[in-house]
Amino acid sequence: MSPQEIENLAHLRRARDLIDRDYAKPLDVPTMAAKAFMSPAHFSRRFRAAYGETPYSYLMTRRIERAMALLRAGTTVTDACMAVGCTSLGSFSSRFAEIVGETPSSYRSRAHDAVRAMPTCVAKAHTRPVKGGSSRNREVRENTAA
Amino acid sequence: MTIALQFTNVTVTDVDESIAFYRDALGLEVQNDVSSGEHRWVTLGTPAQPGLGIVLSEPHAGRSQADGDAMQELLTKGVLPMLVFNTDDLDATFETVRASGAEVLQEPIDMGWGQRDCAFRDPSGNMVRIAQARAV
Numbered sequence: 002m003s004p005q006e007i008e009n010l011a012h013l014r015r016a017r018d019l020i021d022r023d024y025a026k027p028l029d030v031p032t033m034a035a036k037a038f039m040s041p042a043h044f045s046r047r048f049r050a051a052y053g054e055t056p057y058s059y060l061m062t063r064r065i066e067r068a069m070a071l072l073r074a075g076t077t078v079t080d081a082c083m084a085v086g087c088t089s090l091g092s093f094s095s096r097f098a099e100i101v102g103e104t105p106s107s108y109r110s111r112a113h114d115a116v117r118a119m120p121t122c123v124a125k126a127h128t129r130p131v132k133g134g135s136s137r138n139r140e141v142r143e144n145t146a147a
Numbered sequence: 269m270t271i272a273l274q275f276t277n278v279t280v281t282d283v284d285e286s287i288a289f290y291r292d293a294l295g296l297e298v299q300n301d302v303s304s305g306e307h308r309w310v311t312l313g314t315p316a317q318p319g320l321g322i323v324l325s326e327p328h329a330g331r332s333q334a335d336g337d338a339m340q341e342l343l344t345k346g347v348l349p350m351l352v353f354n355t356d357d358l359d360a361t362f363e364t365v366r367a368s369g370a371e372v373l374q375e376p377i378d379m380g381w382g383q384r385d386c387a388f389r390d391p392s393g394n395m396v397r398i399a400q401a402r403a404v
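So the sequence lines, in the order shown, correspond to chains R and U. Just so we're on the same page, our numbering is the position in the first sequence counted from 1, plus 1. Just so we're on the same page, our numbering is the position in the second sequence counted from 1, plus 268.
Wrong hints could be hidden among the right ones.
Unchecked claim - List of simulated lysine to any residue pairs, SDA-like, C-alpha gap at most 20 Å:
hint, chain 1, residue 1, chain 2, residue 2
1, R, K36, U, M395
2, R, K26, R, S89
3, R, K36, U, Q374
4, U, K345, R, M39
5, R, K26, R, N9
6, R, K26, R, S92
7, U, K345, R, E8
8, R, K125, R, S89
9, R, K125, U, W381
10, R, K125, U, V352
11, R, K26, U, Q374
12, U, K345, R, T55
13, R, K26, R, T76
14, R, K36, R, N9
15, U, K345, R, E6
16, U, K345, R, G86
17, R, K125, R, A70
18, R, K125, R, L19
19, U, K345, R, K26
20, R, K125, R, A84
21, R, K26, R, E6
22, U, K345, R, A70
23, R, K26, R, Y57
24, R, K125, R, K36
25, R, K125, R, R22
26, U, K345, R, A84
To be clear, the hints were calculated from the coordinates, so they are not data collected in a lab. Remember, it's a predicted structure, so these values are computed and weren't measured experimentally.
Could you build the full structure based on these sequences and the hints that come with them?
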């Protein structure tokens, strides 16, 4: 990799770190792209090539993963939706169902003993939802199989 | 019979740039500096944990071009495993590291399981977390 390529990839990493950190704020793609010193269209293409999903998809996955943690702790669906930066309960719920495989209220109401036993940082990585129901989201897979 | 960790390796893009972070910001001491060909292996440690060496080297050190390129990409993307330190004064350590200009990922906060920690990126993109040592 040339020094310029390394620098560009580091810019993408900083934008990804911004999403991980500021997911609860009203982040949009132009704001993320500015962090990477790229145009929004170029940024979206490069981000997807590096991290396997678009910046907006990465942001929503991060929000849903945080919402899952809040729901496991007993937060209401509406409060969890607002706390992670989503402003529309309808689109939050449909996005949640799309990537987790069940509705937020259904997820909230069932037991999460295995996740509760993990350190939070392990739970964060382990329960991170993957669009399309990949085998990585073992908790969902096991519970839907049961 | 006892067993203990003696060396752990951290891959960095530029060894000199990284020494500024690990020695000057985090406060580790350089214990060894070995060159072979165009690569260097720099070992750092802390008196708080004598016998443990943290070895910095570049992605292509001791690797093929293709493997080094793959390491370099993962490193810069920020997806290699994190390093976790602990300190008896988290707030002071955080201020020192921040003042060095390091990228802050997370200010000191209480985590859900009773730990208090903060997080930085080292100059290459490795995640470095620093936790408050628990009172014994």
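Cross-check of the supplied hints:
Taken as a hint, the R/K36 and U/M395 pair is honoured in the structure, with Cα atoms around 19 Å apart against an allowance of 20 Å. In summary, the hint linking R/K26 to R/S89 is supported, as the alpha carbons are separated by about 14 Å, within the 20 Å threshold. For the proposed pair R/K36 and U/Q374, the alpha carbon gap of about 17 Å is at most 20 Å, so the pair holds. Restraint check for U/K345 and R/M39: the C-alpha separation of about 16 Å stays at or below 20 Å, so the hint holds.
Simply put, R/K26 and R/N9 have alpha-carbon atoms about 25 Å apart, too far for the 20 Å limit, and the pair is violated. For the hint pairing R/K26 with R/S92, the CA-to-CA distance comes to about 17 Å; that is within 20 Å, so the pair holds. As the CA atoms of U/K345 and R/E8 are separated by approximately 10 Å, the hinted pair is consistent with the 20 Å bound. Between R/K125 and R/S89, the direct Cα distance comes to roughly 24 Å. Violation of the 20 Å bound is thereby established for this hinted pair.
A hinted pair counts as satisfied when its Cα atoms are at most 20 Å apart, and R/K125 with U/W381 qualifies at roughly 13 Å. The suggested pairing of R/K125 with U/V352 holds, with an alpha-carbon distance near 17 Å, which does not exceed 20 Å. In summary, the hint linking R/K26 to U/Q374 is supported, as the alpha carbons are separated by about 15 Å, within the 20 Å threshold. For the hint pairing U/K345 with R/T55, the CA-to-CA distance comes to about 15 Å; that is within 20 Å, so the pair holds.
For a cut-off of 20 Å, the pair hint linking R/K26 to R/T76 stands: about 19 Å separates their Cα positions. Restraint check for R/K36 and R/N9: the C-alpha separation of about 11 Å stays at or below 20 Å, so the hint holds. A threshold of 20 Å between alpha carbons decides the hint, and for U/K345 with R/E6 the separation of about 11 Å falls inside it, so the pair holds. Between U/K345 and R/G86 the alpha-carbon distance is near 25 Å, which puts this suggested pair outside the 20 Å criterion.
Of the supplied pair hints, the one linking R/K125 and R/A70 holds, its CA atoms being roughly 8 Å apart against a limit of 20 Å. About 17 Å separates the Cα atoms of R/K125 and R/L19, which keeps this hinted pair within 20 Å; it holds. This hinted pair does not check out: U/K345 and R/K26 have alpha carbons roughly 23 Å apart, beyond 20 Å. With a C-alpha separation of about 17 Å, the suggested pairing of R/K125 with R/A84 holds against the 20 Å cut-off.
A distance of roughly 30 Å separates the Cα atoms of R/K26 and R/E6; the hinted pair therefore is violated under the 20 Å criterion. A hinted pair counts as satisfied when its Cα atoms are at most 20 Å apart, and U/K345 with R/A70 does not qualify at roughly 26 Å. With a C-alpha separation of about 13 Å, the suggested pairing of R/K26 with R/Y57 holds against the 20 Å cut-off. Between R/K125 and R/K36 the alpha-carbon distance is near 25 Å, which puts this suggested pair outside the 20 Å criterion.
With a CA separation close to 14 Å, the supplied pair R/K125 and R/R22 stays within the 20 Å bound. A distance of roughly 28 Å separates the Cα atoms of U/K345 and R/A84; the hinted pair therefore is violated under the 20 Å criterion.
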